[in-house]
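Enquirer: The task is simple: from the sequences and hints, build the whole structure.
In our numbering, the protein residues as written are 1 to 366.
The hints are simulated quantities; they were obtained by calculation from the structure and are not laboratory data. A few of these clues could be false.
[To be verified] Here are the in silico distance ranges between beta carbons for each label pair:
1. Ser245 to Tyr87: 38 to 48 angstroms
2. Arg334 to Lys225: 20 to 30 angstroms
3. Ala160 to Leu317: 26 to 36 angstroms
4. Leu185 to Glu214: 29 to 39 angstroms
5. Pro14 to Asn244: 29 to 39 angstroms
6. Phe320 to Lys162: 18 to 28 angstroms
7. Lys213 to Asn120: 25 to 35 angstroms
8. Arg116 to Lys318: 27 to 37 angstroms
[As the list claims (entries may be wrong)] List time: in silico EDC-like cross-link candidates among lysine to aspartate or glutamate, alpha-carbon distance up to 16 angstroms:
9. Lys162 to Glu131
10. Lys162 to Glu126
11. Lys191 to Glu105
Just so it is clear, CB atoms sit at the ideal spot from N, CA and C, and this is done for glycine as well.
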Amino acid sequence: MMGQFVFRNLFHRPVRTLIGVVAIAVEVTLVIVIVGLTSGMLQETAKRIEGIGADIMVQAPSAQIFIVMSGSPMPIKIGEKIHELKYVQYVSPAFLQFNTSGGVETIWGIDPVSFRDVSNGFVFHEGHDLEGPDDMLVDDWQARAKHVKLADTYTLLNHAWKVVGIVEHGKAGRIFVPITTLQELVGGRDKATIFLVKCTRPEHTPDVIGEIKELLPNYPVRPVKEFMTLMTSTNIPALQTFINSMIALAVSIGLLVIFLSMYTTVLERTRDIGVLKSLGASKFLIIRALLAETTLLCLLGIVAGIGLSYVVRAGFLKLFPTLSILITAGWVLRAGLIAIVGALVGASYPAWQASRKDAVEALSYD
1 MMGQFVFRNL
11 FHRPVRTLIG
21 VVAIAVEVTL
31 VIVIVGLTSG
41 MLQETAKRIE
51 GIGADIMVQA
61 PSAQIFIVMS
71 GSPMPIKIGE
81 KIHELKYVQY
91 VSPAFLQFNT
101 SGGVETIWGI
111 DPVSFRDVSN
121 GFVFHEGHDL
131 EGPDDMLVDD
141 WQARAKHVKL
151 ADTYTLLNHA
161 WKVVGIVEHG
171 KAGRIFVPIT
181 TLQELVGGRD
191 KATIFLVKCT
201 RPEHTPDVIG
211 EIKELLPNYP
221 VRPVKEFMTL
231 MTSTNIPALQ
241 TFINSMIALA
251 VSIGLLVIFL
261 SMYTTVLERT
271 RDIGVLKSLG
281 ASKFLIIRAL
291 LAETTLLCLL
301 GIVAGIGLSY
311 VVRAGFLKLF
321 PTLSILITAG
331 WVLRAGLIAI
341 VGALVGASYP
351 AWQASRKDAV
361 EALSYD
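Expert: Okay, here's the thing in structure tokens:
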């Protein structure tokens, strides 16, 4: 009986119900997509660093853990000191430059010889490794996204590069150029953003880390295998603040729309509430009916929001093939719970107000 009553009330005003469902769907989609975008970006970056094959990564003292945003270069001669340590087989410097002209891109300046030693080289789809000062390598995802072909001219940092190779994605960055040329272009001569260290044997990694920390006491030294666990939004305060702000915005949208929807519902059904109370309905019954209606509305919105999230992700990936949006069951569940809690909070006052209506006054309401 109660279920039928709630169901019919919900579809008595289909347009208003649709607006409520859309509001909840937008709330859920915002949470899932924003978190999925940040999580996917961090995880994909960590996987590409891990894909290099180095054992240890050394950064400057003030460098951020999110290395593509790091602007803290170090003297490149530090690499020579690291190379002299026991159990160190290879050291490769890399100079990273974040570029937002014409898109968001991170350019990796590398020394081809030492990078090949540390990473065992690239897997080439076409072309060859870096040889000249203006040569550039791009991975297959970047080539597809930017419609780049072998021997094309690629302009970055107001410099014309020649694409000499297209490589398999998953190793470091998406764009690679000679480190010396990039240093000259951005005024970072003899500087490096990170040092990638290859040990003689993997089991020597802890010993080498200890030696590097003694040599460079204020420098972050991390095993590359542990880098994945560090790449979370909680380790990047500004990013976590952004996520929390977007979630708060999404919840506010859902809460306000549900509040207005339920408040209007109570006003429209004043006479119906009076009839229920005159037949002996308790305050608890009326509150339960309105909250049940809200819950059903919210469940419809959650289902629509999950579907919309996958549609939005597909659209983003079509427009920006290099993006990574990670939709996980955990955050789908959290987004649903956030939506339900927000909706019930928004419906609580209208439901409480409805339960307090006097039966005689409600029946005489026009």
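Enquirer: Each hint: holds or not?
Expert: So, going through the hints one by one against the coordinates:
Ser245 and Tyr87 have their C-beta atoms about 46 angstroms apart, which keeps the hinted 38 to 48 angstroms range intact. With their beta carbons about 28 angstroms apart, Arg334 and Lys225 fall inside the hinted range of 20 to 30 angstroms. With their beta carbons about 30 angstroms apart, Ala160 and Leu317 fall inside the hinted range of 26 to 36 angstroms. Restraint check, Leu185 to Glu214: a C-beta distance of roughly 35 angstroms satisfies the suggested window 29 to 39 angstroms.
Between Pro14 and Asn244 the Cβ separation comes to about 35 angstroms, which falls inside the hinted range of 29 to 39 angstroms. Under the hint 18 to 28 angstroms, the C-beta atoms of Phe320 and Lys162, about 25 angstroms apart, fit the expected range. About 27 angstroms separates the C-beta atoms of Lys213 and Asn120, a value consistent with the hinted range of 25 to 35 angstroms. Look at Arg116 against Lys318: about 34 angstroms separates their beta carbons, and that is inside 27 to 37 angstroms.
For the hint linking Lys162 to Glu131, the alpha-carbon distance of about 11 angstroms falls within 16 angstroms, and the restraint holds. The straight-line distance between the Cα atoms of Lys162 and Glu126 is roughly 14 angstroms, inside the 16 angstroms bound, and the hint therefore holds. A hinted pair counts as satisfied when its Cα atoms are at most 16 angstroms apart, and Lys191 with Glu105 does not qualify at roughly 20 angstroms.
Going down the numbered hints, you'll see the structure goes against just number 11.
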